[in-house]
Amino acid sequence: MSNPQTLYEKIWNAHVVEKRDDGTCLVYIDRHLVHEVTSPQAFAGLRANGRVVRRPDLTLAVPDHNLPTTPRVDAAGHRLPIADADSAQQLDTLERNTRDFGVDYIDAVAPEQGIVHVVGPEQGFTLPGTTLVCGDSHTSAHGALGALAFGIGTSEVEHVLATQTLLLSPSKTFEVRIEGKLGAGVTPKDVILHVIGQIGTAGGTGHVIEYTGSTIREMSIEGRLTIANMSIEGGARAGLIAPDETTFAYLKGRPMAPKGDAWDAAVAYWRTLPTDAGATYDRSILIDATTIAPSLTWGTSPEDVVPITGVVPDPASFADPSKRVAAQKSLDYMGLTPGTPIAEVPVQHVFIGSCTNGRIEDLRAAAVIAGGRHVADGVRALVVPGSGLVKRQAEAEGLDRIFLDAGFEWREPGCSMCLAMNPDKVPPGERCASTSNRNFVGRQGPGARTHLVSPAMAAAAAINGRLSDVREFGLGDTA
Amino acid sequence: MKPVTQVSGRAYPWGAKNIDTDVIIPAHWLKTVTRDGLGKGAFETVRAEPGNIFDDPRYAGAPVLIAGDNFGCGSSREHAAWALADMGIAAVIAPSFSDIFSGNAFKNGIVTVVLPQDAVDRLVEVAKTDSVSVDLETMTVTTPFQDRFAFELDPFRRQCLMEGLDEVGLTLARDAAISGYEAGVAQARPFMAGERFHAAA
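From first to last, the protein sequence lines are chains A and B.
Its first residue numbered 725, the first sequence is counted upward by one per residue in my numbering.
Its first residue numbered 76, the second sequence is counted upward by one per residue in my numbering.
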């Protein structure tokens, strides 16, 4: 047997088409997801140079960022126009480009439409051992299934469309090992927020993270997707989780997954992918999962993490002078006073959705809290399923009724208030408990204040009208 | 792409850390289908503050930006690089960059120069009154004083910048190798192709 290898090294080595003398590698890309925001200029580049899409069969397009989450068809089933002219143009451009270049396209009213990173795994387009890219940084999510998946810029989108390859240098490897059983009310979102709080937003720069350990092994695919999704918030372009029986069970029978003998051959291959005993990582950390509390952010960087039992930190408590300045700026923007218990901070908005937490298990966890209760006065709470199939499933389970009865809005799928490119925005100076992935300045709208939380914590915040410890609701394990 | 060998002139002496791409170009500017004209949306939230560095006449049109750690973190939006290019920035100097941003910058002819924090601190001081120069031939950043900071650059990226190479064109010339790889995979791991998308009835 050859030298022990990590999961990353195995996938990388299987995709190197050729290595240039300067060390840069031409790497084959097995899967390409395309959406309306980062692709128009890429297709325009192809057109300008008379180039074609090399492998339309490995490319899948779906609109998500711009779509309003209000109904898309009228009572007669006719598509409703999109009010924002720029959004409408971008959506029309995607539709035209996919038609002109022969790329498979899930349109805005198809039942399968959704956020690219929810659609990929759901359709079985995302497979272990593949390289998968998309012009979106949260492409790291697909690593939950053991795919080497990362976000790319538009020039790279054009490069993949034209050549089905990218010119890349290998990354370093970073093992984040998480061991132990999660406490009551502690979810995968709390785990990844805790990890980012530990390593910082630049902690994974230049690295591909592999999440290992018993906590990850016992986690569902949906939970793993939440973890891998936010690898980019820790600076890592990709996050990987070794494929296992949980992965195979999730993928079997998905529309785009291999079938019959091809399935058996695929599983046999996927079983060879996990990191070999004796393989080494460039860096490793160990996280004790039993110490993780329900967690959330207080500032304007995803590394600004506190447990829900904590307080707004005092900038003076930071040793690094530049961090002190940054913390003060964050607190000014967030309108928070040091020492305030974080669970006393009122919210006016709640957003449950996104590629981080817009899947069925997320909606179930939120519904457990929402059931039989009501959203507090003065709070607007949105539930935006990650895809049309998630929405259908939730409706089949009656979750839509639970949310509507509790005073939440039940919307059409899309990226929505995660980045406020569509009409779903948090007004200036108002505060949102959000299950999304970024609490940057202005992310949910100019002047909007974001606290990143798990779906259960978001629902709890909606009910109480303030950031809240989900454990107050007396439940068991919501993970 | 236009070849780049040297970027010289005034520099925005910013030094701020963790500047994410939502700060470089907010999401509402992303509803465009061209690469042009994004300079007017660049650093919109920073520019809303009185006395901000980007509206300081001393630095108007500066081709260099000096920033802190982790510049360009967050979203993969290449609009961030297009916005910088549109406002005339051709080089960014910082102690570290996000991986996606530095790739996007380089594909748009913007040099990302990694220097240690103390060198960046020194350049921030110099840039308040004087110009700086980034040279790709010698891979150094110099000032009108005695400063000379050497930096490293990926050899392939350096070559592409200096020769103004079209990466897609370069790779298309490797078509035989790519086809050979595809044929090999089709033989050894045919299941990798999966099934094509079929809309539900």
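Warning: the hint list may mix true and false statements.
[As the list claims (entries may be wrong)] When the alpha-carbon atoms are kept at most 30 Å apart in a straight line, the in silico DSSO-like pairs for lysine-lysine are as follows:
#1 B:77 / A:743
#2 B:115 / A:1053
#3 B:77 / B:115
#4 B:77 / A:1053
Honestly, the hints are just simulated from the structure, not real lab data.
For residue 77 of chain B and residue 1053 of chain A, compute the direct alpha-carbon distance and say whether it is at most 30 Å. Status violated; Cα separation ~39 Å.
Against the 30 Å threshold, does the CA-CA distance of residue 115 of chain B and residue 1053 of chain A hold or violate the hint? The hint holds at about 24 Å.
Is it true that the CA of residue 77 of chain B sits at most 30 Å from the CA of residue 115 of chain B? 22 Å, holds
Agreement of residue 77 of chain B and residue 743 of chain A with the hint, judged by alpha carbon distance not exceeding 30 Å: 26 Å, holds
Of the hints listed earlier, the one the structure fails to meet is number 4.
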